[in-house]
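The residues making up each chain are set out below.
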Amino acid sequence: MTSLTMIARVTDGLPLAASVQEDEKSGRDLQHYQSQAKQLCRKLDAQSPERCTLEAGDMSFHYLIAQDVCYLFLCEASFAKRSAFAYLEDLRGEFNGRYGRRVAAVTRPYSFIEFDTYIQKTKKSFVDRRAPRNFGSINTELQDVQRIMVANIEEVLQRGESLSALDTKASNLTSLSKKYRSDAKYLNTRSTYAKVAAVSVFLITLIIYVRFWWL
Amino acid sequence: PPQPGPPQPGPPSRHLGGHYPSLPLGYQNAAPPPAAILTQTLVPVPLSQPLGGPGPAQLSPSLAAMSLQSSTPEALRVVNLLQERNLLPPIPIPPPTPCLQQDLQKINCNPEVFRSTLTSIPQTQSLLNKAKMPLGLLLHPFKDLSQLPVVTSSTIVRCRSCRTYINPFVSFLDQRRWKCNLCYRVNDVPEEFMYNPVSRSYGEPHKRPEVQNATIEFIAPSEYMLRPPQPAVYLFHSSTWSHNASLLDNIKLPGDSRTKIGFVTFDSTIHFYNLQEGLSQPQMLIVSDIDDIFLPTPDSLLVNLNECKELVQDLLKSLPTLFQKTMETQSALGSALQAAYKLLLPTGGRMSVFQTQLPNLGVGALQSREDPNQRASAKDVQHLSPATDFYKKLALDCSGQQVAVDLFLLSSQYCDLASLGCISRYSAGSVYYYPSYHHQHNPAQVECFQRDLKRYLTRKIGFEAVMRIRCSKGMSIHTFHGNFFVRSTDLLSLPNVNPDAGFAVQMSIEENLDDMQIVSFQAALLYTSSKGERRIRVHTLCLPVVNSLSDIFAGADVQAITGLLACMAVDRSATASLSDARDAMTNAAIDSLASYRQSVLSIQQPGLLAPACLRLFPLFILALLKQKAFRTGTSTRLDDRLFAMCQLKYQPLVYSMLMIHPALYRVDDLSDEGALNINERTVPQPRVLQLSVEKLSREAAFLMDAGTVMYLWVGRSCQPAFLTQVLGVSSYAAVPDNLHLLPELDTAESQRTRAFIGWLRDQRPFFPPLHVIRDESQLKPTFMQNMIEDRTESALSYYEFLLHLQQQISK
Numbered sequence: 720m721t722s723l724t725m726i727a728r729v730t731d732g733l734p735l736a737a738s739v740q741e742d743e744k745s746g747r748d749l750q751h752y753q754s755q756a757k758q759l760c761r762k763l764d765a766q767s768p769e770r771c772t773l774e775a776g777d778m779s780f781h782y783l784i785a786q787d788v789c790y791l792f793l794c795e796a797s798f799a800k801r802s803a804f805a806y807l808e809d810l811r812g813e814f815n816g817r818y819g820r821r822v823a824a825v826t827r828p829y830s831f832i833e834f835d836t837y838i839q840k841t842k843k844s845f846v847d848r849r850a851p852r853n854f855g856s857i858n859t860e861l862q863d864v865q866r867i868m869v870a871n872i873e874e875v876l877q878r879g880e881s882l883s884a885l886d887t888k889a890s891n892l893t894s895l896s897k898k899y900r901s902d903a904k905y906l907n908t909r910s911t912y913a914k915v916a917a918v919s920v921f922l923i924t925l926i927i928y929v930r931f932w933w934l
Numbered sequence: 003p004p005q006p007g008p009p010q011p012g013p014p015s016r017h018l019g020g021h022y023p024s025l026p027l028g029y030q031n032a033a034p035p036p037a038a039i040l041t042q043t044l045v046p047v048p049l050s051q052p053l054g055g056p057g058p059a060q061l062s063p064s065l066a067a068m069s070l071q072s073s074t075p076e077a078l079r080v081v082n083l084l085q086e087r088n089l090l091p092p093i094p095i096p097p098p099t100p101c102l103q104q105d106l107q108k109i110n111c112n113p114e115v116f117r118s119t120l121t122s123i124p125q126t127q128s129l130l131n132k133a134k135m136p137l138g139l140l141l142h143p144f145k146d147l148s149q150l151p152v153v154t155s156s157t158i159v160r161c162r163s164c165r166t167y168i169n170p171f172v173s174f175l176d177q178r179r180w181k182c183n184l185c186y187r188v189n190d191v192p193e194e195f196m197y198n199p200v201s202r203s204y205g206e207p208h209k210r211p212e213v214q215n216a217t218i219e220f221i222a223p224s225e226y227m228l229r230p231p232q233p234a235v236y237l238f239h240s241s242t243w244s245h246n247a248s249l250l251d252n253i254k255l256p257g258d259s260r261t262k263i264g265f266v267t268f269d270s271t272i273h274f275y276n277l278q279e280g281l282s283q284p285q286m287l288i289v290s291d292i293d294d295i296f297l298p299t300p301d302s303l304l305v306n307l308n309e310c311k312e313l314v315q316d317l318l319k320s321l322p323t324l325f326q327k328t329m330e331t332q333s334a335l336g337s338a339l340q341a342a343y344k345l346l347l348p349t350g351g352r353m354s355v356f357q358t359q360l361p362n363l364g365v366g367a368l369q370s371r372e373d374p375n376q377r378a379s380a381k382d383v384q385h386l387s388p389a390t391d392f393y394k395k396l397a398l399d400c401s402g403q404q405v406a407v408d409l410f411l412l413s414s415q416y417c418d419l420a421s422l423g424c425i426s427r428y429s430a431g432s433v434y435y436y437p438s439y440h441h442q443h444n445p446a447q448v449e450c451f452q453r454d455l456k457r458y459l460t461r462k463i464g465f466e467a468v469m470r471i472r473c474s475k476g477m478s479i480h481t482f483h484g485n486f487f488v489r490s491t492d493l494l495s496l497p498n499v500n501p502d503a504g505f506a507v508q509m510s511i512e513e514n515l516d517d518m519q520i521v522s523f524q525a526a527l528l529y530t531s532s533k534g535e536r537r538i539r540v541h542t543l544c545l546p547v548v549n550s551l552s553d554i555f556a557g558a559d560v561q562a563i564t565g566l567l568a569c570m571a572v573d574r575s576a577t578a579s580l581s582d583a584r585d586a587m588t589n590a591a592i593d594s595l596a597s598y599r600q601s602v603l604s605i606q607q608p609g610l611l612a613p614a615c616l617r618l619f620p621l622f623i624l625a626l627l628k629q630k631a632f633r634t635g636t637s638t639r640l641d642d643r644l645f646a647m648c649q650l651k652y653q654p655l656v657y658s659m660l661m662i663h664p665a666l667y668r669v670d671d672l673s674d675e676g677a678l679n680i681n682e683r684t685v686p687q688p689r690v691l692q693l694s695v696e697k698l699s700r701e702a703a704f705l706m707d708a709g710t711v712m713y714l715w716v717g718r719s720c721q722p723a724f725l726t727q728v729l730g731v732s733s734y735a736a737v738p739d740n741l742h743l744l745p746e747l748d749t750a751e752s753q754r755t756r757a758f759i760g761w762l763r764d765q766r767p768f769f770p771p772l773h774v775i776r777d778e779s780q781l782k783p784t785f786m787q788n789m790i791e792d793r794t795e796s797a798l799s800y801y802e803f804l805l806h807l808q809q810q811i812s813k
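The listed protein sequences correspond, in order, to chains A and B.
Counting in my numbering, the first sequence runs from 720 upward without gaps.
Counting in my numbering, the second sequence runs from 3 upward without gaps.
No lab work stands behind these hints: they were computed from the structure.
Misleading hints may appear alongside valid ones.
[To be verified] Residues from chain B shown here face chain A by an in silico Cβ test under 8 Å; the list is partial: (1) Thr154; (2) Thr157; (3) Arg160; (4) Ser163; (5) Ile221; (6) Pro256; (7) Asp258; (8) Pro348.
All residues carry an ideal CB built from backbone N, CA and C; glycine is no exception.
Let's have the full structure, built from the sequences with the hints guiding it.
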């Protein structure tokens with residue numbers, strides 16, 4: 720199964736650890752998803768929902784934020800959501816225990832890349848259906864999972880862009896209405912001139928008529 | 003005593019020439035030119051001659067006439083090669099210093115890392131063409147350095163248009179703006195750069211480490227990574243394991259806790275080893291379908307070294323016994339390589355291939371192309387280019403997936419290195435070759451292999467590397483030499499980079515460098531360390547621009563020129579022919595000396611004249627012509643020749659220079675005078691002797707250091723003291739035939755000799771075996787072939803070669 724697991728610091732999106740598993744058969748281009756994952760980690764902040772699933776075509780991003788660290792898991796959309804979050808929860812527990820204190824201090828990307836070994840093992844046990852697992856713990860987490868918001872990856876990545884689009888549209892509107900106003904004024908004056916001209920032509924004709932008729 | 007008359011302006015050299023024997027044999031025995039003696043008796047000369055060639059007092063009168071140009075630098079001093087005999091400096095030649103302002107030169111890149119053939123760059127291409135010398139750079143970018151400043155910062159300051167890294171040779175227009183020294187664009191200094199972490203001060207961007215060091219390493223931010231750093235992956239791939247499995251034990255491979263390891267063996271079938279955690283012992287999986295190769299259990303063939311250490315050790319113990327009784331003579335190397343490529347596909351990594359015979363089964367099968375009767379032929383040598391493009395294609399696939407293939411050839415027979423070598427050449431691997439390797443009969447070769455393998459396994463390694471070489475506007479790079487794949491015009495793809503790899507590039511001048519005082523060159527190597535850190539190592543070299551031919555000649559670096567010419571000649575012999583390459587090298591010497599004579603010398607005089615900085619050029623060219631790679635007429639095995647070619651292209655200049663022109667020392671009278679003191683060990687420093695039999699004497703012992711091998715020649719009537727105190731034998735007759743290890747005797751002489759040999763060996767990353775040579779030794783001819791200045795049946799002596807050059811020049 721193709722999958723991508725990434726752990727990043729929420730404050731600046733610095734990647735801390737990652738694990739990639741490519742599947743020869745699916746032949747999917749993970750490069751694209753990897754850059755999406757990086758972008759996503761940079762977009763997330765303290766205001767982002769703590770747990771979320773983002774749809775990206777036939778793949779899904781599941782993420783979980785805890786103690787300023789984001790745990791992100793990309794897998795096929797068909798993969799059970801509850802397993803995905805149970806897996807992320809497991810990673811969180813282990814990662815926090817091992818490196819939790821050092822997270823704020825590191826500056827180098829992928830400082831805890833050695834966590835990869837643990838990620839791979841854990842993932843294997845979650846992905847492999849035959850692996851004996853504690854179903855009870857899954858069931859209790861099921862409740863939490865139901866509350867997880869579902870959103871589309873494109874929406875999240877483009878949220879900022881649509882706001883700026885709205886802004887430009889509004890400013891366009893302002894300039895258009897200004898133009899309308901000046902145009903209206905111009906039209907008004909023109910029609911006034913036309914009226915004045917018509918009246919004066921009539922008066923002149925009248926004067927000429929009076930003068931030649933009466934005299 | 004005769005009066006020191008005024009320097010004779012005429013041609014005294016002619017009368018000197020009379021004294022000078024025209025026969026090469028006599029030339030060898032000739033005393034220093036009488037004129038030199040004459041001058042010496044007249045001028046009070048200090049007893050100890052200064053190091054570095056003949057002192058001014060030894061100038062012949064004809065040269066004294068030149069003293070009117072008293073301002074000429076030492077490099078341009080005119081030397082008549084036909085008259086001056088002792089040109090070889092007694093110590094290894096230091097690289098020339100570029101003629102730069104002192105403050106720039108002080109921070110310039112170390113010449114061992116980055117070196118140019120011309121330390122003064124000509125202003126125009128036509129000027130360069132006139133000088134007839136090749137323009138190029140020689141690099142050793144990943145050299146082990148004892149001091150390397152490392153910078154971690156979130157933004158790496160680079161030029162916005164040409165992406166050059168900020169370096170010591172940029173100019174700061176003011177505090178906030180800097181001008182790129184390669185494309186001359188003015189860039190802003192980012193806020194972060196204003197703070198200097200070293201001095202903890204603000205507002206001094208020019209004092210940052212990036213601007214103070216010509217060699218620096220950056221820790222790259224995540225923008226420099228296409229994918230997360232992959233673990234260090236090592237795959238060992240061998241046709242037999244009988245002799246090298248035990249070596250892998252107890253060696254710490256570079257890497258972190260993620261390091262992965264795997265093993266593949268093959269004969270007519272391919273064997274994989276399942277090392278999955280939890281197994282009680284390794285499982286061997288045999289795939290016999292070599293035409294359509296597949297991986298039996300893709301997940302468990304490459305395993306984490308830390309977690310499966312015991313299984314790996316088990317396997318290493320059992321491997322030699324597994325193949326002890328095999329009678330298999332077939333080798334499906336091509337399919338096995340394809341299988342290994344599949345295994346490494348997801349992560350990339352390093353593949354070490356140990357091959358003992360010609361692959362003769364399946365894809366990539368090769369046939370023996372060597373005719374042993376043609377080895378000594380003076381005619382053109384055939385089969386220098388690959389027989390099939392299978393290995394090149396596979397290497398390019400490997401390169402695309404960040405896999406490097408290193409080849410160890412342990413063979414007594416022809417292995418077609420021309421074809422097999424491609425697998426390493428294009429995937430940025432390295433080639434090791436041990437001719438006539440036998441784990442019982444050839445202990446010197448075994449020791450050499452073991453030491454090399456140890457170094458190979460423990461040395462630093464960089465994964466997923468790329469190297470880009472940039473140069474100032476107006477100059478361009480057109481040809482690269484070394485092991486790599488050129489991905490785009492200036493980007494070299496290096497799946498692995500190792501500290502023993504050298505590179506060379508050729509350059510041309512596209513636009514005139516009219517208004518420039520200096521030009522710069524920058525090599526940036528981006529790699530992932532075995533610990534999973536992405537790093538960028540940047541070297542910047544700055545050189546002056548000159549507009550006169552004499553300045554160009556004054557700045558010529560004869561060793562670098564020789565190294566670059568050797569690379570070019572290797573290419574030429576593959577694309578055209580060996581004789582073409584040989585002619586080209588001779589012509590290079592003729593052309594540059596002719597150009598010097600015509601354009602630089604103001605006073606024409608007879609003789610073969612060269613500037614002092616090029617005085618060794620004809621000698622080095624002759625040495626190249628007699629080198630294993632290019633020689634003709636002397637019996638040379640095709641693989642030996644090709645391996646020498648590989649080495650010339652791939653090795654850093656210091657090591658290839660020793661291969662081209664070995665160093666000869668007299669070692670029976672080592673003394674502590676002028677000795678170095680390293681780590682409380684006294685290392686004697688004997689002087690380098692010319693490579694001529696005339697320098698050998700029966701009463702002495704000599705050490706020849708040919709880079710990858712050393713010979714200790716013991717004279718027939720050598721002083722008994724040396725025999726007993728150093729070799730530990732009572733008489734000359736008792737010197738064993740294949741002695742390759744000096745006994746550790748507790749005498750001053752033994753300690754000195756061993757300290758000197760040890761010191762020579764420590765300077766290089768590979769292990770040169772030592773052979774003690776007597777008159778009857780098998781290796782004596784090999785030793786004598788290195789006597790470059792002497793005449794052989796098929797090649798000219800140095801003096802004859804000089805006469806040939808002179809004849810061609812005066813034509």
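For each hint, the structure was consulted:
1. Thr154: 6 Å, holds
2. Thr157: Constraint on Thr157/B not satisfied, violated at 12 Å.
3. Arg160: 18 Å, violated
4. Ser163: Hint violated; Ser163/B Cβ to chain A Cβ min 24 Å, cut 8 Å.
5. Ile221: For Ile221/B, the interface hint holds, since the closest Cβ of chain A sits about 5 Å away, which is under 8 Å.
6. Pro256: 14 Å, violated
7. Asp258: Constraint on Asp258/B satisfied, holds at 5 Å.
8. Pro348: 5 Å, holds
The structure shown violates the earlier hints numbered 2, 3, 4, 6.
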